[in-house]
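Student: Here is what each chain is made of, one letter per residue.
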Amino acid sequence: MARQLLSGNEAIAQGAWEAGVRVGTGYPGTPSTETLENLVRHKDVYCEWSPNEKVALEVGIGSAMGGARTLVTMKHVGVNVAADPFMSVANTGVNAGLVLLAADDPSCYSSQNEQDSRTYAAFARIPCLDPSDSQEAYEFARQAFALSERFDTPVMLHETMRIAHTRTMVEPAGTREDAPLRDYASQPQKYVMMPAFAVGRIRSTNAREDALLDYAEKSELNRVEMRDPKVGVIVAGALYNHVREALPNASTLKLGLTWPLPPKLIRDFAASVERVYVVEETCRYFRTAIAAMGVELSEPPAKPLPRSGEIFPSDIQASFGEALPGHAAPAKDLPPRPPAFCAGCPHRLVYCELRRIHAIVTGDIGCYTLGAVAPYKSVDSVIDMGASLSMAHGMELAGAPERTGRPVVGVIGDSTFAHSGITSLLGTVYNGGKGTLCILDNRTTAMTGTQGNPVNGLTLTEQAARVSPLIDAAEKPSMLDRPAGKPLDLVALCKAIGVDEVEVVDAQDLKAIRRALKAATSHTDMLSVIIFKSPCRLVDRSTRPAPKITDCRKCGSCIQIGCPALGKAEDGTAQIDPTQCIGCNQCVQSCPFGCIAFEEE
Amino acid sequence: MPHATASAEASTIELGERVTLEKTMTVLLVGVGGQGTILAGNILAMCASEAGLDVKVSEIHGMSQRGGSVSTIIRMGQHVDSMICDPGTADVLVAFEAIEALRNQQFLREGGRLFVNDEVVTPVPVNIGNATMPEGVDGRLDALGAVRMNAGAIAREAGSPRSTNVVLVGALSTALPFAVDEWEDAIRRRVPPKTVDANLKAFALGREAALA
Chain D
1 MARQLLSGNE AIAQGAWEAG VRVGTGYPGT PSTETLENLV RHKDVYCEWS PNEKVALEVG
61 IGSAMGGART LVTMKHVGVN VAADPFMSVA NTGVNAGLVL LAADDPSCYS SQNEQDSRTY
121 AAFARIPCLD PSDSQEAYEF ARQAFALSER FDTPVMLHET MRIAHTRTMV EPAGTREDAP
181 LRDYASQPQK YVMMPAFAVG RIRSTNARED ALLDYAEKSE LNRVEMRDPK VGVIVAGALY
241 NHVREALPNA STLKLGLTWP LPPKLIRDFA ASVERVYVVE ETCRYFRTAI AAMGVELSEP
301 PAKPLPRSGE IFPSDIQASF GEALPGHAAP AKDLPPRPPA FCAGCPHRLV YCELRRIHAI
361 VTGDIGCYTL GAVAPYKSVD SVIDMGASLS MAHGMELAGA PERTGRPVVG VIGDSTFAHS
421 GITSLLGTVY NGGKGTLCIL DNRTTAMTGT QGNPVNGLTL TEQAARVSPL IDAAEKPSML
481 DRPAGKPLDL VALCKAIGVD EVEVVDAQDL KAIRRALKAA TSHTDMLSVI IFKSPCRLVD
541 RSTRPAPKIT DCRKCGSCIQ IGCPALGKAE DGTAQIDPTQ CIGCNQCVQS CPFGCIAFEE
601 E
Chain V
1 MPHATASAEA STIELGERVT LEKTMTVLLV GVGGQGTILA GNILAMCASE AGLDVKVSEI
61 HGMSQRGGSV STIIRMGQHV DSMICDPGTA DVLVAFEAIE ALRNQQFLRE GGRLFVNDEV
121 VTPVPVNIGN ATMPEGVDGR LDALGAVRMN AGAIAREAGS PRSTNVVLVG ALSTALPFAV
181 DEWEDAIRRR VPPKTVDANL KAFALGREAA LA
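Chains as they are written, first to last, in the numbering used here: chain D, 1 to 601; chain V, 1 to 212.
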């Protein structure tokens with residue numbers, strides 16, 4: 001097959017398909033998302049989005065146990081959510097191959113933290129493969145399935161954003177391996193993790209660890225490249241390319257298998273060079289393990305490598321005292337350009353109102369996290385998916401509303417509510433909690449690229465067939481070979497859980513938002529859920545011409561809704577950028593003098 | 001192969017006239033989310049890979065795409081190691097917006113080429129009064145040796161206001177060793193079929209503006 005330029009995620013999908021994968025599951029999360037979106041394009045693979053990563057992995061364990069090769073994808077923080085089944089399937093092992101893609105995000109480009117997922121592989125004692133470009137991502141995906149079945153273990157395929165979202169040359173075989181469904185037979189001692197059986201399986205994991213150590217010493221996934229014997233660098237993943245760029249003469253031990261680490265290979269490499277260094281980012285994964293092998297690691301001569309964030313070739317050059325090229329100084333007087341709600345975004349007016357009532361907002365993960373920045377500055381906390389609702393209950397227990405005189409409002413998106421918010425809400429209702437919770441239902445999983453979710457009922461199969469998330473469930477085309485996805489009735493769910501008051505409000509109607517939030521936050525004796533409903537502008541792309549501004553009083557009220565299409569002219573009057581405006585009506589509602597209006601059609 | 005992925009289909013490489021580079025070249029495309037830097041990067045990557053070069057293209061996805069600053073790095077050569085553009089290493093910097101040109105000025109190497117769409121997209125912090133625009137943007141760009149053009153106006157002249165990015169591809173093409181017909185071929189295969197003619201015109205006008 002011809003050479004192609006593929007991203008790491010595209011290459012993993014290609015490798016998994018060639019390995020005969022039959023089932024793909026996952027939850028969207030940058031930088032992992034495109035893997036399943038590419039895999040689902042193959043008609044002989046079934047893929048689905050799960051409500052969260054724990055469910056995705058459990059579905060994956062079931063399908064692998066049932067005999068189908070399975071790929072499960074998630075971002076690094078998703079591995080936290082899936083950690084419970086993850087730690088147990090490490091002991092049960094698999095039947096057909098099971099590969100978990102964990103995509104890390106050093107520098108937090110689109111995440112709430114940076115964590116090294118490889119520590120989970122080491123914790124669970126399962127093999128971890130670490131590609132350094134798309135060709136390896138493709139090859140390692142194939143090998144991961146082979147390793148999984150050979151050693152009867154789930155395998156972690158680990159990548160960072162720089163691998164996931166860099167396109168490099170790949171030469172795929174282009175043919176799909178014939179991997180028939182494996183027979184299934186009940187084996188309670190292998191798959192029922194009750195104490196009596198679990199202790200036996202842990203012994204199996206011990207034996208497997210020994211076998212994997214033996215494999216790691218000989219595996220071609222690890223590679224010694226001898227150059228200058230004075231400097232040896234142990235490195236993996238994208239950083240291998242940076243070391244080659246920054247220190248072209250250095251000898252390298254490139255690790256493609258990052259658990260288990262091969263002690264003899266590492267000791268031999270260390271003995272073959274004058275000084276041995278480790279180049280790694282975000283944590284001390286290699287250094288801790290290699291120091292425990294009794295290998296003396298050297299610190300870079302000029303200065304230590306950065307302790308957090310992505311490491312670039314220039315960081316390595318600076319640490320090793322290499323000369324850096326001259327360049328213009330960075331400009332210091334520029335206005336920042338942070339991400340912002342799109343023109344017409346249905347989250348905007350809700351945050352304007354939360355700002356006005358000075359609420360304590362426990363927030364959540366999604367585009368609506370941007371309510372934390374100017375001009376809204378109205379989010380008090382963002383921890384993890386689902387925390388908005390449970391933390392609002394905790395704030396109530398601490399008496400925060402009474403002591404501050406500010407209402408506490410939990411704010412969560414539709415996909416995040418399905419991910420982890422339902423159990424949070426259940427906990428509040430069960431324990432008699434009161435307060436105000438808002439579900440921002442924009443009919444999609446917006447931040448990761450408008451994926452379907454259980455609330456809009458759009459499946460990954462339907463999405464691959466370009467079915468709109470705005471279509472009524474009954475209207476879905478029947479040409480798909482899977483049953484249509486079912487949307488979740490949020491109102492019925494909240495009522496069934498036992499929420500006192502549930503209201504659906506148009507998120508584009510400022511007066512309705514004001515009325516609903518005022519009513520919900522004014523009574524302290526009940527639990528209210530407000531569902532603010534209006535589609536994401538990346539899904540509903542309908543537009544109309546911009547409204548006109550006449551007799552502007554220069555009060556700035558419209559400017560403070562933070563629309564990217566609204567600015568000030570030199571004379572201080574508001575002006576609308578017609579190329580960015582979509583005609584959503586938000587600024588019209590925000591003008592206290594009625595100076596902004598649509599022209600009669 | 002029974003089922004090629006759609007993306008793989010679009011990225012299949014048909015080798016054309018070979019180009020040899022003595023050193024790895026780095027092109028940095030910067031702009032504002034939604035300005036089409038990714039398509040421009042795709043066109044260049046296709047040109048370079050079909051000239052037989054090794055290519056690496058690195059992009060930032062996710063949160064920054066919501067109207068924030070975005071960048072695409074394209075590195076190409078006989079063998080490319082890192083996919084990163086460090087300060088002082090960009091052979092060519094193409095800014096789709098003037099403020100973003102200044103924000104990324106440190107990445108340009110000494111003697112590197114700079115092409116700038118001198119249209120300004122006002123950042124939200126400026127709109128809401130939390131930040132101010134810098135003074136003398138044009139002068140500062142000139143001091144950096146920028147080739148400035150109003151790519152939006154040129155695109156409108158080409159009959160396709162959305163082809164601003166392809167105007168800038170035209171400008172970029174004057175700094176790289178690929179034949180015009182290779183660029184045109186890449187554009188034909190990368191843009192929606194109905195927009196091919198307008199995009200080819202935008203490309204030609206962008207080249208003209210850069211060479212003027």
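FYI, nobody ran anything at the bench for these hints, they're computed from the structure.
Be aware that a few hints might be false.
Claimed, not checked - No farther apart than 20 Å at their CA atoms in a straight line, the calculated lysine to aspartate or glutamate pairs in the EDC-like style are these:
#1 D/Lys568 to V/Asp142
#2 D/Lys264 to D/Glu220
#3 D/Lys476 to D/Glu209
#4 D/Lys568 to V/Glu135
#5 D/Lys332 to V/Asp138
#6 D/Lys230 to D/Glu171
#7 D/Lys264 to D/Glu209
#8 D/Lys332 to V/Glu14
#9 D/Lys476 to D/Asp489
#10 D/Lys518 to D/Asp489
#11 D/Lys332 to V/Glu135
#12 D/Lys533 to D/Asp509
The structure presented is a predicted model; accordingly, all values stated were derived computationally and were not measured.
Student: Each hint should be assessed against the structure and marked as holding or not.
Tutor: How the hints compare with the structure:
1. Between the alpha carbons of D/Lys568 and V/Asp142 the distance comes to roughly 27 Å, so the proposed pair goes past 20 Å and is violated.
2. At most 20 Å may separate the alpha-carbon atoms for a hinted pair to count; D/Lys264 and D/Glu220 meet this at roughly 15 Å.
3. For the hint linking D/Lys476 to D/Glu209, the alpha-carbon distance of about 49 Å lies beyond 20 Å, and the restraint is violated.
4. Restraint check for D/Lys568 and V/Glu135: satisfied, since their Cα atoms lie roughly 17 Å apart, inside the 20 Å limit.
5. In summary, the hint linking D/Lys332 to V/Asp138 is supported, as the alpha carbons are separated by about 17 Å, within the 20 Å threshold.
6. Simply put, D/Lys230 and D/Glu171 have alpha-carbon atoms about 35 Å apart, too far for the 20 Å limit, and the pair is violated.
7. With a CA separation close to 15 Å, the supplied pair D/Lys264 and D/Glu209 stays within the 20 Å bound.
8. Distance check on the hinted pair: D/Lys332 and V/Glu14 sit about 44 Å apart at the alpha-carbon level, beyond 20 Å; violated.
9. Taken as a hint, the D/Lys476 and D/Asp489 pair is honoured in the structure, with Cα atoms around 17 Å apart against an allowance of 20 Å.
10. Distance hint between D/Lys518 and D/Asp489 is unfulfilled; the C-alpha atoms sit about 25 Å from each other, more than 20 Å.
11. The straight-line distance between the Cα atoms of D/Lys332 and V/Glu135 is roughly 12 Å, inside the 20 Å bound, and the hint therefore holds.
12. Note on D/Lys533 and D/Asp509: the hinted pairing holds, with a Cα-Cα distance of about 10 Å set against a maximum of 20 Å.
Hint check: violations occur at hints 1, 3, 6, 8 and 10; the rest are consistent with the structure.
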